[in-house]
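Undergrad: Below are the chains, spelled out letter by letter.
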Amino acid sequence: GIQVEQSPPDLILQEGANSTLRCNFSDSVNNLQWFHQNPWGQLINLFYIPSGTKQNGRLSATTVATERYSLLYISSSQTTDSGVYFCAVTNQAGTALIFGKGTTLSVSS
Amino acid sequence: EAGVAQSPRYKIIEKRQSVAFWCNPISGHATLYWYQQILGQGPKLLIQFQNNGVVDDSQLPKDRFSAERLKGVDSTLKIQPAKLEDSAVYLCASSLVGELAGRGSYNEQFFGPGTRLTVL
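Heads up: the protein sequence lines correspond to chains A and B, in order.
Take 522 as the starting number for the first sequence in the numbering used here and just add one per residue.
Take 133 as the starting number for the second sequence in the numbering used here and just add one per residue.
Isolated chain A, as found in the complex (with noise of 0.2 Å):
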């Protein structure tokens, strides 16, 4: 099946740094999420990116989807962006997400 890679697994940050999470997928895909999950376990819905580019606020992501990647862009980071992020994608073989196995990020002040 489809494999999903993050990297780096873990990241360290000063509150205000800059950071770019990748993700690689071994295939085509239909669908592209990122999630951030907090500290309480919560899975809260970042992005839906196939393909393109796409903003919010302090966030962007862009996938690429020829080259089978995707980059989620953290500007300016705060104390709460803390947490793990998941890449998660579905092909032809169904409609179920496969995921990463994340980016582990850590914002001091």
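I should point out that these hints are in silico values taken from the structure, not numbers from a laboratory.
This one's a predicted model, so the numbers in the text were calculated from it and none came from an experiment.
Treat each hint with caution, since some may be false.
[To be verified] In silico lysine-lysine, DSS-like type, Cα no more than 30 Å apart, as pairs:
#, chain 1, residue 1, chain 2, residue 2
1, B, 210, B, 176
2, B, 143, A, 622
3, A, 622, B, 215
Fit chain B to the given chain A structure using the hints.
TA: Positioned in the frame of chain A, the structure of chain B alone reads:
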């Protein structure tokens, strides 16, 4: 618009006991998913429903796990008997699978808060 609701939020049981989780999806979402998330990993699909029919249950340990969605809305996931390795967060998600004019298929999934299960 109300999100996906789940209950209970936390459950602690002893091994060999049974437990049930409940999920109410976003109104109008025909597709419902149950995922299991073990500590330190990404969620993995257990079972997928389309209305009240099962689409994919290939990853569901059917000797101890069962799920139903009788009226095509709410769903219940049951574990009987529980094992230590079932300790995890159980996440319910729903989606409105469809086609966007000129943009192909659409399947954004929304997750509930999860149920954290501890098996002692």
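Undergrad: Checking each numbered hint in turn, tell me which of them this model violates, lowest number first.
TA: Of the numbered hints, all hold.
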